[in-house]
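Protein chains: 4
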Amino acid sequence: MDIIVLKPEATDTDIEHIIGKLKKKGLEAHVSRGTERTIIGVIGDTSRVSEDEENAIRAIEAVESVMRIIKPYKLASREFKKETTVINIRGNRIGSERIHVIAGPCAVESRKVVLEVAERVKSAGATFLRGGAFKPRTSPYSFQGLGEEGLKILAEARELTGLPVVTELMDPRDIDLVLQYADVIQIGARNMQNFRLLLEVGEADKPVLLKRGLSATIKEWLMAAEYIMSKGNHQVILCERGIRTFETATRNTLDLSAVPLLKQLTHLPVVVDPSHGVGKWDLVIPMARAAVAAGADGLLVEVHPNPEEALSDGEQSLKPDAFRQMMEEIKPIAKAVGRSV
Amino acid sequence: MDIIVLKPEATDTDIEHIIGKLKKKGLEAHVSRGTERTIIGVIGDTSRVSEDEENAIRAIEAVESVMRIIKPYKLASREFKKETTVINIRGNRIGSERIHVIAGPCAVESRKVVLEVAERVKSAGATFLRGGAFKPRTSPYSFQGLGEEGLKILAEARELTGLPVVTELMDPRDIDLVLQYADVIQIGARNMQNFRLLLEVGEADKPVLLKRGLSATIKEWLMAAEYIMSKGNHQVILCERGIRTFETATRNTLDLSAVPLLKQLTHLPVVVDPSHGVGKWDLVIPMARAAVAAGADGLLVEVHPNPEEALSDGEQSLKPDAFRQMMEEIKPIAKAVGRSV
Amino acid sequence: MDIIVLKPEATDTDIEHIIGKLKKKGLEAHVSRGTERTIIGVIGDTSRVSEDEENAIRAIEAVESVMRIIKPYKLASREFKKETTVINIRGNRIGSERIHVIAGPCAVESRKVVLEVAERVKSAGATFLRGGAFKPRTSPYSFQGLGEEGLKILAEARELTGLPVVTELMDPRDIDLVLQYADVIQIGARNMQNFRLLLEVGEADKPVLLKRGLSATIKEWLMAAEYIMSKGNHQVILCERGIRTFETATRNTLDLSAVPLLKQLTHLPVVVDPSHGVGKWDLVIPMARAAVAAGADGLLVEVHPNPEEALSDGEQSLKPDAFRQMMEEIKPIAKAVGRSV
Amino acid sequence: MDIIVLKPEATDTDIEHIIGKLKKKGLEAHVSRGTERTIIGVIGDTSRVSEDEENAIRAIEAVESVMRIIKPYKLASREFKKETTVINIRGNRIGSERIHVIAGPCAVESRKVVLEVAERVKSAGATFLRGGAFKPRTSPYSFQGLGEEGLKILAEARELTGLPVVTELMDPRDIDLVLQYADVIQIGARNMQNFRLLLEVGEADKPVLLKRGLSATIKEWLMAAEYIMSKGNHQVILCERGIRTFETATRNTLDLSAVPLLKQLTHLPVVVDPSHGVGKWDLVIPMARAAVAAGADGLLVEVHPNPEEALSDGEQSLKPDAFRQMMEEIKPIAKAVGRSV
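Chains as they are written, first to last, in numbering that gives the first Met the number 0: chain A, 0 to 340; chain B, 0 to 340; chain C, 0 to 340; chain D, 0 to 340.
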């Protein structure tokens, strides 16, 4: 159901014109004449067609504004599915009582670094390994990732440690390659509205970790999830990673209120990436604690044995010892909110 | 110390001109000629004069940019004072190991509501009472507060419960009146850069709770604290209450990363207002937990016995029972971070 | 008229409860039951009471959202007054066919500078002199203005040149002083929601130039104008001066679309301050041209004979020769939009 | 050249450690010890390697911050190429004295609409035809474009009118198809940081119209241009289309100050899209005038014969008559800035 607000000068002919348009689309109109405005309530199934229709209605001169009542996403909504979705990846159930920690270097730089990090984070309690073989970098002159070689290193680390692998897909042409090695496909913040990529992973049978875009609203983020789900893949994990604001003291502003809000709006599990969210290693631990306290189902954390030598995001990576400390600090928080790590 | 970056086309005459200007101000110049740019390091005490000087230097045509190295605030900085400031208000020590919860209705609407809320929040564990007698409202047609009558009601509630009173000052002309009744003077978000008001409370001998402005950077917020401190009043409590972003699903975006960041930059205590931060009562409890987990020294929470009848901010007020639940939920979080409530 | 959207689980009892509440306030309810949501249209005069009522209604658990149909400002709206307001200041009519240029130094620093600038901008075609005697500075250690001495200098410049004076009021306690010297009282961006100051100038009989707040929406800005007008002073000039965004290459982001939008929403005249809007002198001229092309009724421009020595905002001040060039460049643009300078 | 600012507690060992790191990368260090901070100037060619290096240096505990002096883009910079780039497309020279107007429907919906619009905009003075065959839509349930059929319709319209075609590429897999029909490849706002797509069009020999991302800084936008140029394609046209801010009264905030700023920073031509910039058809004409006044090299405008029936963006499309009026209104503005339409 939508609400169409008419301008004060709208005439009866205008109203008839709009009602006629709605009828042609199989929608009913419900006119209320107030003292200052006339409004038209649109009744019928507006959920599938309305974005374009809405905009077309806004183009009518007699129309002041159009307000949407129904959420534009359906499959992703809590109304559509009441129970929280639990995604099972090699026995690790994201969305369950247990909080999962996905850790690893930003980029797969070398076999040595990845294997070392994998063992260290595993021993500290991480249940997933992350690492990028394809890296979206703002400069064409920066390290762009090792490609398939990187994926192989991740697979080797998985074999050694048993940790399932989360890795990013940037290009629809790489999907078969990535599916061959990854347990969870990550869609990065800059690709949250790369709709072709979303449709592609929507046809895959592996879970997708969907990062929030830098300036994406919660609604747009859920619409991106809807894109994936509309193709049949309902295994979507949402990952809050900070939004862009005027504040420059942190890399982004981590929007932790998104966590409890998403728990109301959607049945999908929600994890938080404090590393990108703040962009400074010495703020990661308190924000990891806060994310767990806010109700996150998991964390995504960058860990590097020697951040000073990292080829990507060194400034926000925890050293393995600090990561271990983080794991210790989130345990009692998890317990306080009735969960475990 | 500042860094002046020159344009590629800057000449030796330009450089001499700038050095001459700096010398007149008692500052020394340190010129480094790189392959692509020449930069001038400014040496000397730039902390007091530099905002205007910087801008004047930016006006020179040969100058590309001016970068500030030294923080523009001094008294508020952790460098100036290493130990965390603890503010003692009738025996309640904000900034100490104990987390203090400041609770009450948004506006003082009636004696009945305030006394009821005061008793309820006290029994649930709050240590301060909040309530506005002067209300900054975006509409001139909204309830503007009861004025002195409201202050008297707060004082009566303090007598009954022993809870010290936090209340807002909006107008420098009201300072004597507010000082007569308040234990802590609140400066609201919209007045964070009302510099005359800041100077006024800087001369008071009561603690000031300084809310972050809607679009204030951390640096500007600390400069506002510096205004107050520059007049001699060092009892400043910073209160994060959400910043304005493009997201409209919440009233503001609560920036919890400000908490650990401020702990690095300043010695002043930091509290969090989840009620304004999110603007929806059903998100307040998780964000209160997250704030404590992030390291906040206290919380500011709106409580109303009947939010449906509240004259201000009903949509973000907790009912007394929900407030009690919040207190229960933050206790184990506080313990997890080595603190108590 | 407002629209109340109920949650899917709302019961008939909930609906009755809400209707009862509305009736008590003299409002009627108009219930529409759609397939997915029930909505309640609120009929009656919601214009004066609704901000608080709306929030209180949002506090009801069965309510999903409340949407406002009627604009919350009235006196400032184009609906209330169809003809554009023209404000006559010593014969200069702001809002008329002629575009007025208000020019001068950021701060009144010295008699010499002000008199020189006044003569130079007058000879180039400016019709008003600007200059701050009270300066809102982000640092307590920056130049804070000359106070009454500054006002006297402005008055002297007016006598010499005939240019009416625009100057800022920061503190309600200074209003009599400022009214003694100023022709137009400026309310700065940081005071746009200093509601006490707004009420004070609302009782003055001099025009008010109201700058947009750093993160103020158009609606909030018009509500600030409404504050002033609600006290009887309808002589309000709106001044767009840039909003705060994530972009750091300019001081602010000048929102020129505000100009034609305001022309639709309000009858008040609109001027643009490109100096603060971009913060860089070498971008001021093109943005002044663009402002005129967008339909602005005037410009506010900072001019200083020697920006390198300015005590405030040197980096964004035009030298008198550049100002003269600006005046030349906006003339044909003004003509192209059917106006004159 | 970069500047490394050390924390006050940094020791000589820390300084030696950093100098050692820089030396290994072939960079020299220039240490300045101020009274409050020590800073290290990094000398050498930091332009190619520095993003990663910078971040790695930020990871060192003794480092407070790292400031970049040199711009991270090179090929796109005005320093690299002084003369403005003029891009010749079938005889239409974008970046020359003549302002080019690219007009057409948002989406290619039908042959009839496209041919009609093409003829109408051509006769009103447009020199390019725009229209999307592949549409990036926020909802998976919205019209997604006609694909190759749409491209064929555009080609037919070109044959009829002689107008070269600007159309969007969304997926690297479609590049050969799009190159077959398009004269200019558009990269949409949501793909501005789809780095794989940028590399792909960087290898094409057709001009690229690169829209600014919704929350992209000027620097990031120029880095996206650099991506394309780094592959050999130097024919990049930048298109400002509004950024995302807190303001909701317009769809985006059109940042016209980007135009003169880009003219300083880069040699690439700059066009403005007022349709997306404001999102309301009745604000398009004034913003088109303002864009020309600000110095834009061209405009991108949505035109539809019947916006009420448009399948996409009807609310921001001009009808052909309004488009003709726009063309009339920008002519004298163009002349005023020494250009023609």
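Hints in this document: simulated from the structure, not taken from any laboratory.
The reader is advised that the hints may include incorrect statements.
As the list claims (entries may be wrong) - Some, not all, of what chain C presents toward chain B, calculated at C-beta under 7 Å:
(1) E50
(2) A55
(3) L176
(4) Y180
(5) L213
(6) S214
(7) M222
(8) S229
Don't be surprised by glycine CBs; every beta carbon is placed ideally from N, CA and C.
Exercise. Going back to the hint list, which numbers does this structure go against?
Worked result: The structure breaks hints 3, 4; every other hint is satisfied.
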